[in-house]
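Undergrad: All chains should be built: construct the whole structure from the sequences, respecting the hints.
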Amino acid sequence: TETDAGNPSIAITNRLIVAQGDRAIADARLAATAGDLETAAAQLANAEKFAHLDPASIDLVRQQVSQIDGDSQFLSGLATADAYITAGKLMPPGLDNAYAILTRLQQTHGDDARLIGPMERLGERLLTRAAFATAATKFDAATDFVDAVENLGILPLDVEFARVTLSASEEAFNAKAAEETAETLNVAAALVATNEVETAAATSGPTLLVAASETEAGVDGASATSQNATPTGPASPRAINIEDKGLTRYVAPVYPRRALQRGITGHVDIEFSITPDGKTDEISVVDAAPSKVFDSSAVKAVRKWRFEARDNPDRAKITLRFELPP
Numbered sequence: 001t002e003t004d005a006g007n008p009s010i011a012i013t014n015r016l017i018v019a020q021g022d023r024a025i026a027d028a029r030l031a032a033t034a035g036d037l038e039t040a041a042a043q044l045a046n047a048e049k050f051a052h053l054d055p056a057s058i059d060l061v062r063q064q065v066s067q068i069d070g071d072s073q074f075l076s077g078l079a080t081a082d083a084y085i086t087a088g089k090l091m092p093p094g095l096d097n098a099y100a101i102l103t104r105l106q107q108t109h110g111d112d113a114r115l116i117g118p119m120e121r122l123g124e125r126l127l128t129r130a131a132f133a134t135a136a137t138k139f140d141a142a143t144d145f146v147d148a149v150e151n152l153g154i155l156p157l158d159v160e161f162a163r164v165t166l167s168a169s170e171e172a173f174n175a176k177a178a179e180e181t182a183e184t185l186n187v188a189a190a191l192v193a194t195n196e197v198e199t200a201a202a203t204s205g206p207t208l209l210v211a212a213s214e215t216e217a218g219v220d221g222a223s224a225t226s227q228n229a230t231p232t233g234p235a236s237p238r239a240i241n242i243e244d245k246g247l248t249r250y251v252a253p254v255y256p257r258r259a260l261q262r263g264i265t266g267h268v269d270i271e272f273s274i275t276p277d278g279k280t281d282e283i284s285v286v287d288a289a290p291s292k293v294f295d296s297s298a299v300k301a302v303r304k305w306r307f308e309a310r311d312n313p314d315r316a317k318i319t320l321r322f323e324l325p326p
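The sequence shown maps to residues 1 to 326 in this note's numbering.
Among these hints, one or two may not hold up.
Derived SDA-like pairs: lysine to any residue, alpha-carbon spacing no greater than 25 angstroms straight-line [claimed, not checked]:
#1 LYS176 with VAL164
#2 LYS138 with GLY153
#3 LYS49 with VAL65
#4 LYS304 with VAL286
#5 LYS89 with PHE74
#6 LYS300 with THR275
#7 LYS49 with ARG62
Honestly, the hints are just simulated from the structure, not real lab data.
TA: This is the structure in structure tokens:
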């Protein structure tokens, strides 16, 4: 302001200058209230040029503007968080998510009641995702969702229920997995035992082939029609060692898994033909104990046997014993 107070022109000028300064302060307050923080800051900078204005008054208005600015940013953050919740951008990875915004606003406006609504909406969405993750046995992801809600400090009863559900589901899943693993190990053990039985059968050779039979042809040069034979068919078989029959390929019968697991033993009596080219044919089960347990395995094994070639077809009978190794 001018210093010559006795000069009317100077007095008028001084009043105008004071009015301009006061107007700058008033305009700064109005702009801040309207949310026009840029204009408010410009008016405060203008007000600092007026010497008659108390710097403390200007600082007070600047604090008010800063508070309004902070509240504006807070409201903007809440709006953005709501938009992210609607869009499903709930939590990390990444910074563009509702959880990151709301936890940041908690640090600056922790007691503001306006945080409660958005945080509860976020918590409900996160607990829903936790439920889906639990149902899909994605327990680590479910735990992350529940932990996030607990960190927000909201919905404590819902968080407790989610943890109980998650824990029960994970325990049930692990128990079932352990049961399946045990079953797999049992099957593996059974297969090992089966292999041991097959190995024993293969190495023991004729000991599993207790008795074999053949037609009278080929024994001590006897004719094809002996006293036990019919004019049109082979004679009744008699017991011999199967190796004497010219066995060239022996395949051990597979021990049925269920019988192996239950410790069942038994035998199968089989009759079969040997063709001139040494193949087995016309295989039939004569007797079996227990019935229908080892029959299929025995027939499949005999079907793969091969014998030396011969001039005439033969008929044989054999007993296959299924015994567990000691």
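Undergrad: Hint by hint, say whether it matches the structure.
TA: Now for the hints, and whether the structure bears them out:
1. LYS176 with VAL164: Satisfied, since the Cα-Cα distance of roughly 18 angstroms is no more than 25 angstroms.
2. LYS138 with GLY153: 24 angstroms, holds
3. LYS49 with VAL65: 18 angstroms, holds
4. LYS304 with VAL286: Distance of about 19 angstroms is within 25 angstroms: holds.
5. LYS89 with PHE74: 19 angstroms, holds
6. LYS300 with THR275: 17 angstroms, holds
7. LYS49 with ARG62: 15 angstroms, holds
Consistency with the previously given hints is maintained throughout, with no hint failing.
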